[in-house]
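**Q** Listed below are the residues making up each chain.
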Amino acid sequence: MREQPILEVRNLQKQFGEGCRHCLDPETRQLEKNFCSYCGTVYAVHDVSFDLYPGEVLGVVGESGSGKSTMLQGLYFDTDLASGEVYINEPMLAGQNVLTLSSQQKRYIRNYIYGMVYQNPLDGLKMKFSSIGNIAEKMIAAGSRHVGDIEARSKTLLEDVHIPLRRMKEEPRNFSGGMQQRVQIAKALSNNPPILFLDEVTTGLDLSVQASVLDLIKQIQRELHISMIVVSHDLAVIRMLADRSIVMLNGTIIEKGLTDQILEDPQHEYTQQLVYSLL
Amino acid sequence: MQTKPHFAFFDEGSKKEIRRATLKAVAIPGYQVPFASREMPIARGWGTGGLQLTLSLIGKKDVLKVIDQGADESVNAVSIKKLVRHTTGVALTDQTAEANIIQSRHRIPEEPLRDDQILVLQVPNPEPLRKVDAREYMTKRMHAEDDYSGAWLILFEQIIKYQKMTTGAAHPVYVNGRYVMAPSPIPRFDNPKMHASDALILLGAGREKKIYAVPPYTKVESLAFEDFPFTKESFQGKQCNLCGAEDVFLDEIINQATGDRIYQCNDTSYCVDRLNHSEEKEVENSYA
Ligand SMILES: Nc1ncnc2c1ncn2[C@@H]1O[C@H](COP(=O)(O)OP(=O)(O)O)[C@@H](O)[C@H]1O
Ligand SMILES: [Mg+2]
Ligand SMILES: [Zn+2]
Numbered sequence: 001m002r003e004q005p006i007l008e009v010r011n012l013q014k015q016f017g018e019g020c021r022h023c024l025d026p027e028t029r030q031l032e033k034n035f036c037s038y039c040g041t042v043y044a045v046h047d048v049s050f051d052l053y054p055g056e057v058l059g060v061v062g063e064s065g066s067g068k069s070t071m072l073q074g075l076y077f078d079t080d081l082a083s084g085e086v087y088i089n090e091p092m093l094a095g096q097n098v099l100t101l102s103s104q105q106k107r108y109i110r111n112y113i114y115g116m117v118y119q120n121p122l123d124g125l126k127m128k129f130s131s132i133g134n135i136a137e138k139m140i141a142a143g144s145r146h147v148g149d150i151e152a153r154s155k156t157l158l159e160d161v162h163i164p165l166r167r168m169k170e171e172p173r174n175f176s177g178g179m180q181q182r183v184q185i186a187k188a189l190s191n192n193p194p195i196l197f198l199d200e201v202t203t204g205l206d207l208s209v210q211a212s213v214l215d216l217i218k219q220i221q222r223e224l225h226i227s228m229i230v231v232s233h234d235l236a237v238i239r240m241l242a243d244r245s246i247v248m249l250n251g252t253i254i255e256k257g258l259t260d261q262i263l264e265d266p267q268h269e270y271t272q273q274l275v276y277s278l279l
Numbered sequence: 001m002q003t004k005p006h007f008a009f010f011d012e013g014s015k016k017e018i019r020r021a022t023l024k025a026v027a028i029p030g031y032q033v034p035f036a037s038r039e040m041p042i043a044r045g046w047g048t049g050g051l052q053l054t055l056s057l058i059g060k061k062d063v064l065k066v067i068d069q070g071a072d073e074s075v076n077a078v079s080i081k082k083l084v085r086h087t088t089g090v091a092l093t094d095q096t097a098e099a100n101i102i103q104s105r106h107r108i109p110e111e112p113l114r115d116d117q118i119l120v121l122q123v124p125n126p127e128p129l130r131k132v133d134a135r136e137y138m139t140k141r142m143h144a145e146d147d148y149s150g151a152w153l154i155l156f157e158q159i160i161k162y163q164k165m166t167t168g169a170a171h172p173v174y175v176n177g178r179y180v181m182a183p184s185p186i187p188r189f190d191n192p193k194m195h196a197s198d199a200l201i202l203l204g205a206g207r208e209k210k211i212y213a214v215p216p217y218t219k220v221e222s223l224a225f226e227d228f229p230f231t232k233e234s235f236q237g238k239q240c241n242l243c244g245a246e247d248v249f250l251d252e253i254i255n256q257a258t259g260d261r262i263y264q265c266n267d268t269s270y271c272v273d274r275l276n277h278s279e280e281k282e283v284e285n286s287y288a
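Chains A and B, in that order, are what the protein sequence lines are. No gaps in the numbering here: position 120 of the first sequence is 120 in full-length UniProt numbering, and each next residue is one more. No gaps in the numbering here: position 278 of the second sequence is 278 in full-length UniProt numbering, and each next residue is one more.
Incorrect hints may appear among the rest.
What the hints assert, rightly or not - Pairwise CB distance ranges, derived in the manner of DEER restraints:
1) Q261(A) to Q158(B): 51 to 59 Å
2) A134(B) to G148(A): 37 to 45 Å
3) A82(A) to P34(B): 29 to 37 Å
4) D146(B) to N192(A): 53 to 61 Å
Just so you know, these hints were derived from the structure itself, not from any lab. For glycine and all other residues, C-beta sits at the position ideal for the given N, C-alpha and C.
The whole structure should be built from the sequences, with the hints applied where relevant.
**A** Below is the structure:
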């Protein structure tokens, strides 16, 4: 018997643009990659479905522009998806497509069930507020009104992500890229979310810094058993972190399975290229 | 040929538009209603928001008081009074009790207001969430969704940096349990006066083109944390050097010659009133 997924994602769809008679029908459309050359509409995410199981790390890999970030932002309600269904296995949300909930309910899910680490720290942090304030924000959003409690929890989290407490009052804009990602991770973890999204967390960081951030993510997974979706264009990152993976190309999933299997025996031509370039 | 100037400066259409925005503001306590802020013969940022409210409300029989940081005689208050007087001919007063419209910058009078009075506050920065996000459409969305974590975050930052809330003026308030509002730059001392006020309180921001309101008897709570409760400025053990008042907002004055600190009522008409009363009493007593 298989375990019940914590997150079920079905047929996500997202386009930028109106579409035209050449591209509106998915059966007959002729696209250049994900792009209609007649009207300029981008089909960023097309018919994406997958399950996320409790405690697992699911990797999402694919070249730049393949729709990974758009998909994640749709799940996190940052962008409105055109269609699709998402179910979260939490008692109070049972059987409800969370994409159709009110903005208040979506905010509840963001504050209590999801954590998000953006590729660009500017999207996830308020650069003019202190680092501890940035972590506090999520706890305040979840209803905490006790400075002492918020401060204590934030300090624990900062220590967990190896940021010296003497720097907690500094604004993250003074920090290096790696430290900014650590603050984002601490913030995302502040309410013990069962589900964590990580978008290209290590992209653009120095190699040694990348390694330490990856170690941190592995440690979080080991100790907290959070279910994670880790998005990266870098198969090496996915190989280090993910038990199972999906491969995206031009907005669609072209391959999915155990990460080891995909690496050993890639089926799709594009995946084969991706794997061989890693060797 | 010159056309006859309008009563209260504005044409009737303009007044109606401002009154409509005001009615909406009263109907949704604490909600910032946009309005078509007009050019005024005084510079924006000098109380044009309050002035537009006053001019749209005032009638021939009204009595107006204007105060600026507690003083009726400041240049700003005087120029506003002149304009209103010139275009309406209404009576002016310094006495809080005599006025039925009181326009004020930075203070709520010490004398408790009544249900037949309207307090008009001038507001430079109506948006309590501006520090959280510079974009108006984002702050509008936060208000719409009752998402005020940013307002508490601002206070949290102050506590983390200075071990206390450092909002000198305009400490944010929750109005009617729904909208967070900047109560104009009044000292924290005046925040509690807004709660369940007998008088209607209207707030106008000319530059930012917003009108908002606290209707009479509305719940107004100052934002605070469980372990950092809201506190007023404390003047414990101090009293006004002139009238002896104790539970009022005091200005600190340093005597240049001696270096001593003395205190005086910030609300000057309140102070003068108390002095007059005590004189009257002395006179009565001496004749008795
Ligand atoms: N706001 C937008 N407007 C138009 N096109 C967009 C927008 N955001 C993303 N796209 C397009 O959607 C596609 C997927 O982008 P994205 O999800 O960022 O890919 P990835 O994260 O895999 O690099 C790309 O072709 C990108 O150009
Ligand atoms: Mg991306
Ligand atoms: Zn098209």
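**Q** Hint by hint, say whether it matches the structure.
**A** Structure-based check of each hint:
{"no.": "1", "hint": "Q261(A) to Q158(B): 51 to 59 Å", "in the structure": "54 Å, holds"}
{"no.": "2", "hint": "A134(B) to G148(A): 37 to 45 Å", "in the structure": "31 Å, violated"}
{"no.": "3", "hint": "A82(A) to P34(B): 29 to 37 Å", "in the structure": "32 Å, holds"}
{"no.": "4", "hint": "D146(B) to N192(A): 53 to 61 Å", "in the structure": "24 Å, violated"}
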